[in-house]
Amino acid sequence: MSKNLDFVKFDKVDKSYDGKVLVVKDLNLDIAEGEFITMLGPSGSGKTTCLMMLAGFETPTNGEIYLDKNPISNIPPHKRGIGMVFQNYALFPHMTVYENLAFPLKVRKFQKDEIDKKVDKALSMVSLSGFEHRMPGQLSGGQQQRVAVARSLVFDPQLVLMDEPLGALDKNLRESMQYEIKHIHESIGVTVVYVTHDQSEALTMSNRIAVFNDGKVQQLSSPDKLYEEPVNSFVAEFIGENNTFAGQVTNMSKDQCKVKLSDGTEIIANPVSVTSNGDKTTVSLRPERALINTKEKMDNNFKGKIEEVIYHGDHTRVRLDLLGNKEFILKVPNSSANMDIKMGNQINVSWNSHDARALDPK
Amino acid sequence: MSSETGKILTTDGIPLEVSLKKAERKNKIKAFLLVAPLLLFLLITYIFPIGDMLMRSVDDKMVTEMLPKTFKSMEKWDGKELPPEEVFESFYLDFQKLVEEKRDGKLSTQLNYTKNGFKSILKKLRRKAKNFEEGNYKEQIMAVHKRWADVEYWRAIQRRAPAYTSQKYLKGIDMYKNEEGKIVSVEEDRRVHRILWLRTLEIAFFVTLLCFLMAYPIAHLLATLPMKYSNLLMICVLLPFWTSLLVRTASWMILLQQQGVVNDFFVMIGLVADDSRPEMMFNKTGTYVAMTQILLPFMVLPLYSVMKTISPSLMRAGKSLGGTPFVAFWKVYFPLTIPGIGAGCLLVFILAIGYYITPALVGGASGTLISNQIAFHMKSTLDWSFASAMGLMLLAGVLAIYWVYNKLVGVDNIKLG
Numbered sequence: 000m001s002k003n004l005d006f007v008k009f010d011k012v013d014k015s016y017d018g019k020v021l022v023v024k025d026l027n028l029d030i031a032e033g034e035f036i037t038m039l040g041p042s043g044s045g046k047t048t049c050l051m052m053l054a055g056f057e058t059p060t061n062g063e064i065y066l067d068k069n070p071i072s073n074i075p076p077h078k079r080g081i082g083m084v085f086q087n088y089a090l091f092p093h094m095t096v097y098e099n100l101a102f103p104l105k106v107r108k109f110q111k112d113e114i115d116k117k118v119d120k121a122l123s124m125v126s127l128s129g130f131e132h133r134m135p136g137q138l139s140g141g142q143q144q145r146v147a148v149a150r151s152l153v154f155d156p157q158l159v160l161m162d163e164p165l166g167a168l169d170k171n172l173r174e175s176m177q178y179e180i181k182h183i184h185e186s187i188g189v190t191v192v193y194v195t196h197d198q199s200e201a202l203t204m205s206n207r208i209a210v211f212n213d214g215k216v217q218q219l220s221s222p223d224k225l226y227e228e229p230v231n232s233f234v235a236e237f238i239g240e241n242n243t244f245a246g247q248v249t250n251m252s253k254d255q256c257k258v259k260l261s262d263g264t265e266i267i268a269n270p271v272s273v274t275s276n277g278d279k280t281t282v283s284l285r286p287e288r289a290l291i292n293t294k295e296k297m298d299n300n301f302k303g304k305i306e307e308v309i310y311h312g313d314h315t316r317v318r319l320d321l322l323g324n325k326e327f328i329l330k331v332p333n334s335s336a337n338m339d340i341k342m343g344n345q346i347n348v349s350w351n352s353h354d355a356r357a358l359d360p361k
Numbered sequence: 000m001s002s003e004t005g006k007i008l009t010t011d012g013i014p015l016e017v018s019l020k021k022a023e024r025k026n027k028i029k030a031f032l033l034v035a036p037l038l039l040f041l042l043i044t045y046i047f048p049i050g051d052m053l054m055r056s057v058d059d060k061m062v063t064e065m066l067p068k069t070f071k072s073m074e075k076w077d078g079k080e081l082p083p084e085e086v087f088e089s090f091y092l093d094f095q096k097l098v099e100e101k102r103d104g105k106l107s108t109q110l111n112y113t114k115n116g117f118k119s120i121l122k123k124l125r126r127k128a129k130n131f132e133e134g135n136y137k138e139q140i141m142a143v144h145k146r147w148a149d150v151e152y153w154r155a156i157q158r159r160a161p162a163y164t165s166q167k168y169l170k171g172i173d174m175y176k177n178e179e180g181k182i183v184s185v186e187e188d189r190r191v192h193r194i195l196w197l198r199t200l201e202i203a204f205f206v207t208l209l210c211f212l213m214a215y216p217i218a219h220l221l222a223t224l225p226m227k228y229s230n231l232l233m234i235c236v237l238l239p240f241w242t243s244l245l246v247r248t249a250s251w252m253i254l255l256q257q258q259g260v261v262n263d264f265f266v267m268i269g270l271v272a273d274d275s276r277p278e279m280m281f282n283k284t285g286t287y288v289a290m291t292q293i294l295l296p297f298m299v300l301p302l303y304s305v306m307k308t309i310s311p312s313l314m315r316a317g318k319s320l321g322g323t324p325f326v327a328f329w330k331v332y333f334p335l336t337i338p339g340i341g342a343g344c345l346l347v348f349i350l351a352i353g354y355y356i357t358p359a360l361v362g363g364a365s366g367t368l369i370s371n372q373i374a375f376h377m378k379s380t381l382d383w384s385f386a387s388a389m390g391l392m393l394l395a396g397v398l399a400i401y402w403v404y405n406k407l408v409g410v411d412n413i414k415l416g
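Chain order of the listed sequences is Z and Y.
Here numbering that gives the first Met the number 0 is used: position 105 in the first sequence is 104, and no number is missing along the way.
Here numbering that gives the first Met the number 0 is used: position 188 in the second sequence is 187, and no number is missing along the way.
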């Protein structure tokens, strides 16, 4: 079976609640069959609205959404056959786990023995066999979450939407649930649209990530590309840690440019969204790409003063005053070679111009 | 180890339990003192009057106290034939004492309640008794009137011996103890109270139903509308609370009377002819309309407080899982509102069953309830013991409803807010 590359298609979708502000602006997004796509963005960026439009609880103000090539704007939610996991699980508190899972099957008029079989299968998938007769209130947060996932999958939907499903869990549980959901996705091949504001969650789980801000998709790409090659300063800032220098492009060539900072120094950067001399820019550099006292040859070498040292066990975070940026962060791996990191010391910092991405000004 | 001996000691060697009690005693005393005024208030204004009512409703000491010797000597009498001389003698002595104290009139009234015909023979006895000779009172009393030789009359006296009676309660359900001591219903055309009880239940039931049907959508709106609209709506719901009950009832009288606003409107739109305006006041319709309106907030508020806690995502979940809006409502939303429905219905039903002012003002003859009958006996006939008996029967009814509700739904499931 060839994969359907636009299984879900947002076509020029606009959404406004009050007729004044567009919450979603001209959204075009294709989601392939079997894909795990995450909508990532700060709150109010329109990602949940997109999910609600897909689920049918909101209607697009303009444009159309296609599911498997069929427009769905006029189909009510209960006829779309889309599974959904809600933010606070939305388990029915007056029903047992079994009844919760059987609900979508009963409304579809399945036979009793078939319901039993499917509920059994779904519960074993989230390793909760034997919990059929518990009430949701008797389960821990993680268990409720798993029931919610099982319920959204029990009627074999082709598409499952998840609206910040792990938001209410503590850190450890959240991480293990991330893997669990990822494994379920891999084993049954369902298409998942996942909404979160937690970037590490998005990076670990997704095939592709759509970064939302201000009602628009800022970048849509795989997690590694998103982290390594952000296309604008919002994405660079939002995904992972980031050191920035504001400046002006002075010497533009094909794959390198010089950027003059406010204190007069020039650094060599990789022109991503600048085109000509004189453009204002923000240069973005990941903390782990800058090295201290390295013997490697790199085209940016500067001296900085250590302002703060924070011990993190496996690594040490060092805050530097470098080229006028007092918030320059370095991650130094914890090894015996780096013992001279003390507050007030001057150290050499170097990085490759390829990793310093000259993006749009903030 | 101290735990091996079964007692855990504190570091000072005092048993833990003792130490804990000591530590908590002060708080317990404080807590008690805080609730003491309320407890006292309840005791004086609620528990004590109810106890007094209970006593009053079964109290039948009057005759018992007037004929102490008679009843004592009657203890051995089997009631089959005429009582022995001893009874006649003690009755004569009791009666003479009453005559001296001028209380014989009361006795004759009381005995006449029990059996007709006592008034005249007691009068005659009083006249003749002055000339009685000592000894053989049986002969002498029987000679006064032939009824004194009738065993029925002596049995009637004996029936008044117990200091307590259930007579008022029987009267409350249109029954009485006949001369053989059997409990029977009064004649069909004299049964007033049963009709009233049934009507009270009927009106309370339908008012509860009407309130529920109207309050459910309102409460749902209140719980789901955005804050600025729901606040306004809430004020509309609460507005009747801020208006005097009498004013509200009186305005219903203005609206519903035959020449009233509602009837005028019906005539205007041609629903009814001008000369056949329906009577909506001083009958059951008036009671229904006014009581439903007045009790509506008591249904809305518990429903609202429960609906407020139901996350809107539950309905969404129901729909996204494939339930039609109706299925999602019926299987998911409705069951979650049952605690509120229970609380609201119980509240409205209990309030309705004892409702007084509104039915008294707008009910007319066919719309009055049992509470109006109680008030009637309190104020007009001054039969307080009967009023107390009916009041207690009403209380017992309410408790019974509460018990049934507890069995069916569970009081723990009530949510008043």
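Possibly wrong hints are sitting among the right ones.
Subject to a maximum C-alpha distance of 30 Å in a straight line, what follows is the list of computed DSBU-like cross-link-like pairs (lysine-lysine) [claimed, not checked]:
1) Y:Lys71 - Y:Lys145
2) Z:Lys105 - Y:Lys307
3) Y:Lys145 - Y:Lys283
4) Z:Lys111 - Y:Lys378
5) Y:Lys330 - Z:Lys117
6) Y:Lys227 - Z:Lys24
7) Y:Lys330 - Z:Lys105
8) Z:Lys78 - Z:Lys105
9) Z:Lys181 - Z:Lys259
10) Z:Lys78 - Y:Lys71
11) Z:Lys257 - Z:Lys304
12) Z:Lys330 - Z:Lys294
13) Z:Lys116 - Y:Lys330
14) Z:Lys108 - Y:Lys330
15) Z:Lys120 - Y:Lys330
Residues on chain Y that point at chain Z, a partial pick, calculated with CB under 10 Å [to be verified]:
16) Ala30
17) Arg247
18) Gly322
19) Thr323
20) Leu335
21) Ile337
22) Gly341
Calculated from the structure, these hints are not laboratory results.
For each residue, glycine too, the CB sits at the ideal point set by N, CA and C.
We went through each hint and held it up to the structure:
1. Our distance criterion of 30 Å between C-alpha atoms is met by Lys71 (chain Y) and Lys145 (chain Y), whose separation comes to about 24 Å.
2. Simply put, Lys105 (chain Z) and Lys307 (chain Y) have alpha-carbon atoms about 28 Å apart, close enough for the 30 Å limit, and the pair holds.
3. Distance hint between Lys145 (chain Y) and Lys283 (chain Y) is unfulfilled; the C-alpha atoms sit about 53 Å from each other, more than 30 Å.
4. Taken as a hint, the Lys111 (chain Z) and Lys378 (chain Y) pair is broken in the structure, with Cα atoms around 66 Å apart against an allowance of 30 Å.
5. Taking the CA atoms of Lys330 (chain Y) and Lys117 (chain Z), the gap is near 21 Å; set against the 30 Å cutoff, the hint holds.
6. Pair hint Lys227 (chain Y) plus Lys24 (chain Z) holds up; C-alpha atoms about 28 Å apart against a cutoff of 30 Å.
7. Restraint check for Lys330 (chain Y) and Lys105 (chain Z): the C-alpha separation of about 11 Å stays at or below 30 Å, so the hint holds.
8. At most 30 Å may separate the alpha-carbon atoms for a hinted pair to count; Lys78 (chain Z) and Lys105 (chain Z) meet this at roughly 14 Å.
9. Proposed proximity of Lys181 (chain Z) and Lys259 (chain Z) is contradicted: the alpha carbons are some 45 Å apart, above 30 Å.
10. Under the criterion of a C-alpha separation no larger than 30 Å, the hint pairing Lys78 (chain Z) with Lys71 (chain Y) is inconsistent with the structure, at around 87 Å.
11. Distance hint between Lys257 (chain Z) and Lys304 (chain Z) is fulfilled; the C-alpha atoms sit about 23 Å from each other, no more than 30 Å.
12. This hinted pair checks out: Lys330 (chain Z) and Lys294 (chain Z) have alpha carbons roughly 17 Å apart, not beyond 30 Å.
13. A threshold of 30 Å between alpha carbons decides the hint, and for Lys116 (chain Z) with Lys330 (chain Y) the separation of about 22 Å falls inside it, so the pair holds.
14. Taking the CA atoms of Lys108 (chain Z) and Lys330 (chain Y), the gap is about 15 Å. The hint holds against a cut of 30 Å.
15. Between Lys120 (chain Z) and Lys330 (chain Y), the direct Cα distance comes to roughly 24 Å. Compliance with the 30 Å bound is thereby established for this hinted pair.
16. A distance limit of 10 Å between C-beta atoms decides the matter here; for Ala30 (chain Y) the minimum to chain Z is near 31 Å, and the interface restraint is violated.
17. The closest approach between the C-beta of Arg247 (chain Y) and any C-beta of chain Z is roughly 37 Å, which is over the 10 Å cut-off, so the hint fails.
18. A hinted interface residue such as Gly322 (chain Y) counts as satisfied when its beta carbon comes closer than 10 Å to some beta carbon of chain Z; here the least separation is about 5 Å, so the hint holds.
19. The beta carbon of Thr323 (chain Y) comes within 6 Å of a beta carbon in chain Z, closer than 10 Å, and the hint placing it at the interface holds.
20. Taking 10 Å as the C-beta contact cut-off toward chain Z, the hint placing Leu335 (chain Y) at the interface holds, the least distance being around 6 Å.
21. Nearest Cβ of chain Z to the Cβ of Ile337 (chain Y): about 8 Å, under the 10 Å cut. The hint holds.
22. At a threshold of 10 Å, the smallest CB-CB gap from Gly341 (chain Y) to chain Z is about 14 Å, leaving the interface hint violated.
Hints 3, 4, 9, 10, 16, 17, 22 from the list above are not met by this structure, while the remaining hints are.
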